[in-house]
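Protein chains in written order, with my numbering: chain B, 472 to 748; chain X, 472 to 748.
Some clues are possibly wrong.
Since the list gives no way to pick out one identical chain from another, each pair is judged satisfied if it fits inside one copy or across any two copies.
Claimed, not checked - Here are the simulated lysine-lysine pairs, DSBU-like style, with alpha carbons at most 30 Å apart: (1) LYS735 / LYS716; (2) LYS487 / LYS511; (3) LYS584 / LYS563; (4) LYS496 / LYS613.
Hint data in this document are derived by calculation from the structure and do not stem from the laboratory.
Protein chains: 2
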Amino acid sequence: MDWFIEYYNGSALMIKVRRKIFEHKGLQHIQIFDTVNFGKMLVLDGKIQLTERDEAFYHEMLVHPAMFMHEDPSKVLIIGGGDGGAVREILKHDPDEVVMVEIDRNVIEACRKYIGVDRGALDDERVSIINEDGVEFVRSAKEHFDVVVVDGTDPNPISQSLISKEFYSCCGKISDYFVTQSQSPFIQREYFEAILRNATFKERRIYIGFVPTYPMGLWSYLIGSNKRRIELDLEKIRDRFRERKVDTVYYTPEIHIAAFALPKWLEDVVKVLQGRE
Amino acid sequence: MDWFIEYYNGSALMIKVRRKIFEHKGLQHIQIFDTVNFGKMLVLDGKIQLTERDEAFYHEMLVHPAMFMHEDPSKVLIIGGGDGGAVREILKHDPDEVVMVEIDRNVIEACRKYIGVDRGALDDERVSIINEDGVEFVRSAKEHFDVVVVDGTDPNPISQSLISKEFYSCCGKISDYFVTQSQSPFIQREYFEAILRNATFKERRIYIGFVPTYPMGLWSYLIGSNKRRIELDLEKIRDRFRERKVDTVYYTPEIHIAAFALPKWLEDVVKVLQGRE
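In isolation and in its complexed conformation, chain B is listed as follows:
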């Protein structure tokens, strides 16, 4: 095999691969490739989840805005995120406890063994891993989390429930801050709109970032809260960034603020959908 191809709505991204390192068909179809220019690459059900070259662009932007908005994120829940990239970033804030609810144990094992982007985070003693459906978990959760992070795949039969109204509502009840990746608003508008319609919080905002190996490079995230303000205070974020000594590849406090400035067309899409609530 020479090229891996992922199609999306009249376009496709090709990534040149050297060889397939791992493949397993279970709950999801897991493939791990060694690529020519992007390091190792994880593919689930035909969709690129990460490459070593740009996974930090995604994981840092998923995790750090919500984590830095919280003054003391000591207890964090991740739904999904089996590759370990999100846990790795969360641990940089030195929390007391991280609970990761990942439905597919095979993803965790394959990533730990063949990619290792978690850099040991999955084995950290503060991290507990629960193999359960994310919706089931939050539905019955009694604990409170400072931050809840949803690191799911494109909506599909397994992850569809992770963009449901009930799921978001449960997450809102147990968290100070909630954040989820919200797909490409440019080339996957229907997913983006579904997430925005269902994820209702007292306050919420969309922000964006570059992830070159995700559909057409433009990725979005939704941050919401029923209890806290979503405020963009550069000085406060800079202070926390310095205090917590978080080392990054992509994220900076300035990028944090800048990510909330949306292109006019996207601002308009968000406004129309907010109006519909």
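Start from chain B and add chain X according to the hints.
Just chain X now, kept in the frame of chain B:
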């Protein structure tokens, strides 16, 4: 033909096409396609120059930051830009005179006839089109321009001289503000670095934006000046944006400021190259 493919360093973008509308092999190999999901698409020497779906993301970010930094951009020079998208955006600032120096007359004619993104701008009476090499033009130019915009293709035998020290130096002498697209710093690092090494100005900054159909979606621009400050004053830009009544698809004053916040890795690349000067 089903798919158009553009390759870049171990990756490639595929765009599904309905049919080829136009083809001409002259100074450059010009192709125009009708695509399934991106409208009409211009390709020069195998590289996507624009699609109707996202050309405004590029042209607005190329033009408006420099135009809004200038208090009265009444005389503007464009080098390249034969498709007419940059002229269209410049005219929104109501300048007295726009000079466009485009070496390839065939690009202008083909775009005007088959795409029309200029929306009449190429025929505006304030616009004069000169069919000449950009370097030759600026070398002998006696006039002064408020803003000089370089809208060139990827460096190749024809456009290579548009990233030379001499070219940038001449542009710096005849302009208040200078701006050029500066390729993808993520996947075309060698081009980006060459531009940054050669484009020396008293002040200069890199900024970025999303262009989904350009290599991996992350695009960069270099703005420089020997005479003016490159200041990011949101209130001033907001005032000018309102006064000039500029209608946009992508650009907003907030996006203008946000575009100068660079991902950490890119900030580092720029710092290293600045240090080398």
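Taking the hints in turn, this is what the structure says about them:
When the C-alpha separation of LYS735 and LYS716 is checked against a cutoff of 30 Å, the pair qualifies only between copies, where the shortest distance is 14 Å, while the shortest distance within a copy is 34 Å. Taking CA atoms no more than 30 Å apart as the test, LYS487 paired with LYS511 passes in both settings, with 11 Å inside one copy and 27 Å between copies. In this assembly of identical chains, LYS584 and LYS563 lie within 30 Å of each other by CA distance solely inside one copy; the values are 22 Å within and 56 Å between copies. For a Cα distance limit of 30 Å, the shortest separation of LYS496 from LYS613 qualifies neither inside one copy, at 34 Å, nor across copies, at 69 Å.
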